[in-house]
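Engineer: Model the placement of chains B and C on the given structure of chain A, informed by the hints.
Protein chains in written order, with our numbering: chain A, 350 to 745; chain B, 25 to 278; chain C, 72 to 224.
One or more hints might be untrue.
To be verified - Under 8 Å between C-beta atoms, here's a sample of chain C residues computed to sit facing chain B: (1) Q132; (2) K153; (3) P192; (4) S193; (5) A220.
Treat the hints as calculated values from the structure; they're not laboratory data.
Where a beta carbon is used, it is the ideal one built from N, C-alpha and C, also for glycine.
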Amino acid sequence: MDAVQGYMYPNEVELQWSILIVLYPFITGLVAGAFILASLERVFNVHVVKPTYRLALLTALAFLIVAPLPLQLHLGHPERSLEMYFTPHTTSAMAMFGFVYLWYLMVVLVLEIWLDYRKDLVLAWRASRGVARWFYAVLCLGVDNISDEALRIDDKVGHTLTIIGIPSAFLLHGYVGFIFGSIKANPWWSTPLMPIVFLFSAMVSGIALVMLMYMAMSKLYRREIDVACVDKIAQYLFYAFIIDFTLEMIDLIHRVYESDESFRALDFMVHTRLFTSQIVLQIMVGTVVPLALLAVTQLFTIPSATRLRIYTVAGVLTLVGIFAMRWNVVIGGQLFSKSFLGYTTYKMQYVTREGLLPAIALLIAPFGILWLLVRLLPPWAPEPAAESGVVGKATV
Amino acid sequence: MDESRRKFLMGAGRLLVLTGAASVAWDAIVEGQPEQAPNYNTIDHWWGMVIDIEKCIGCGQCVRACKEENGVLLDDEHFRTWVERYVVDMDDPDHPLVDAPNGGYDGFPDLPGMPENIKTFFVPKLCNHCVDSPCVQVCPVGATFDSPDGVVLVDKDRCLGCRYCVQACPYGCRYIDPRTNTVDKCTLCYHRITKGLTTACCEVCPTGARMLGDLKNPKDPIHEFLRTHKVQVLKPQMATGSKTYYNGLDGSVR
Amino acid sequence: MGSRWHNYSHLIRMAALFVAGILIFLVGRSFFVPADFGVYWHYRAGALDDARARPIRFAGQAACVECHSDISDLRKTARHAKVSCESCHGALATHAAGDEPLKPTRPNGKALCVGCHTKSPSKPVAFPQIDVADHAGDNACIECHNPHAPKIS
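Chain A extracted, bound-state conformation (with noise of 0.2 Å):
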């Protein structure tokens, strides 16, 4: 296949976004995701899916700690990239992302971990020598009190910032596909659905990371699964991901029955430069296998064993549909012409700033810094000696 086919405007041959804004939309899609399985417990008291709510908080930080580093290391100007928050472009969705971000970031997720954890923090505190100590005394900011009365604060007041979490939530990836969908010199970009489907496949990406982190988590401690919970979890996967299916085949068909201008090259693309990754990848292996693996377990009554490794295959398979999704979104919208008049390229790199080296490395980084939370907030019960400082937080 030639690198250029038809007619493409000069400046546009070289692609402007790379794998490295496909990683963006990706990782904060399971930030979103993970936070909205992490508040299903605590605002509408589902209690079944409690073991992972805590997991599914430390996902979400350590993702969104990573989310803007892709973007970053895209820059043409990394250096400058402050500019974003001293001197915002009010109507740019960029801009104001940044400012959606640092909310999410610092209001929402630390906050409320922060919170959630203290008591831990201050019995660490308390039972720590040397380094560590002063270590625990800063987090918790040099307040040791964990009396009834102090905990009780912090349970409302964390309960108030899930609530205004959720709206964040959705917001910040809703405001990613909006990012997106806001191009309107992009027809492959260019529809109000964007931002709708892109939440939805940020709750199923996000689901499914949590599901399977919690798994592996559990495997790796030596700890016992909790089979309801996992069970739930799929559940909500599998809810998620038919209205996620849904919408992008309302929005298939309503290009399809509206054939504008742009249908043409359009449905040319995916019929070959895009086939492997929008036919293949996403839509069949990522989307709907694992639908059918999870209406299996829905529909039959299956042992338990056998369930979870079922929900293992989904779980992975969702994620490479998720990622597939973001591909096509990102890497797609830039293969055809704005004349739809021809077809270009992605010629990725390897180890450049902007290859797939760094990609790779972007997507590992944040189960390293998971790795470090688990191990200095440990989302399972603490050991047996400080039993007391466990589950207070369910009891309102």
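Structural biologist: Structure of chains B and C alone, referenced to chain A:
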């Protein structure tokens, strides 16, 4: 030409050919300090351009002059202006064949074996200096902006190189300059038009297919042209408020 | 601090941290934003001067005519009257400013002529076009045509 006559012309002749701002500007240019050319008030101008497709011969002078005047990269993927050749098969007029080898920089090679039933023409492209520019709208930091005289410019000292504006331009007029890692585009030769000169592309166009116009200057011939011709902008459905008006624009042009 | 507020002290400290963060941001902002940012609109006003500062390469027709009025007189009534000097002779701002090689290089005759006048179905019908091989063979264009007044009388 002898030196004395040259001297004389520099004095007297100039008054005949150059008027007002252009004359003052020319002094500064001759002194090697064109940036100090005074007498230009941004709010008195509103720049736009007319492209007369019925005059374009696809010689590529504009493309070459633009690259030279503005130091644009000389490869085939970076253009502030370029020329496209359309070949419309009358049996399938919605799907024209288009080419722009090296952006038209080297002119156009012969059309090999074309069917009888075609129409074919050249379309020069450049930044449309839109009034409601999507690129300006999306720039997160105010590094690209509309000047008070209606030119879309880039502040290279502030551009992040995020490329959002490149995605937002419906006309493909922006690119990243790999030498600065910032975005680059047509400035409508801002360094020239603010000194009473025309753009490099208009200067060298041998057929007058490109005409710079000051839409705020009632004496500018652009008003007469726009009044007496049926003009159209590119992709009017994008509602960008383009100020590059095409005469004789075929419906097949994208 | 009263006992009632005692249980809020960690929250108050956290709030203080946030306020401190916002203050640091505001101070940083005042340092990093150029003074002329936002004078006209949401951009750095000095960027306009930057755009103007670029040196000129094409002197412009008026500058050429200033000295070379003999040629311009010759061209005045000819077919090439509206073709600017630098369209064929190239960018000559340094020549016009008088501080560079005063003699510009001669344009590459035939290639230059052919660049415009080769027959092409894409060109406007009214534009003079020739099949170069048929029209002139190996002869140079200027053997018959004066490029400043190309019509053979």
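Engineer: Quick check on A220 of chain C please, does its C-beta sit within 8 Å of some C-beta on chain B?
Structural biologist: violated (15 Å)
Engineer: Could you check if S193 of chain C really has its C-beta closer than 8 Å to a C-beta on chain B?
Structural biologist: Given a least distance of 4 Å, the restraint on S193 of chain C holds.
Engineer: Does the nearest C-beta of chain B fall within a distance shorter than 8 Å of the C-beta of Q132 of chain C?
Structural biologist: Holds: closest Cβ of chain B sits about 7 Å from Q132 of chain C, inside 8 Å.
Engineer: Hold the hint about K153 of chain C up to the distance rule: shortest CB distance to chain B must be less than 8 Å.
Structural biologist: holds (6 Å)
Engineer: Quick check on P192 of chain C please, does its C-beta sit within 8 Å of some C-beta on chain B?
Structural biologist: Cβ of P192 of chain C sits 5 Å from chain B, so the hint holds.
Checked against the numbered hints above, the structure breaks only hint 5 and satisfies the rest.
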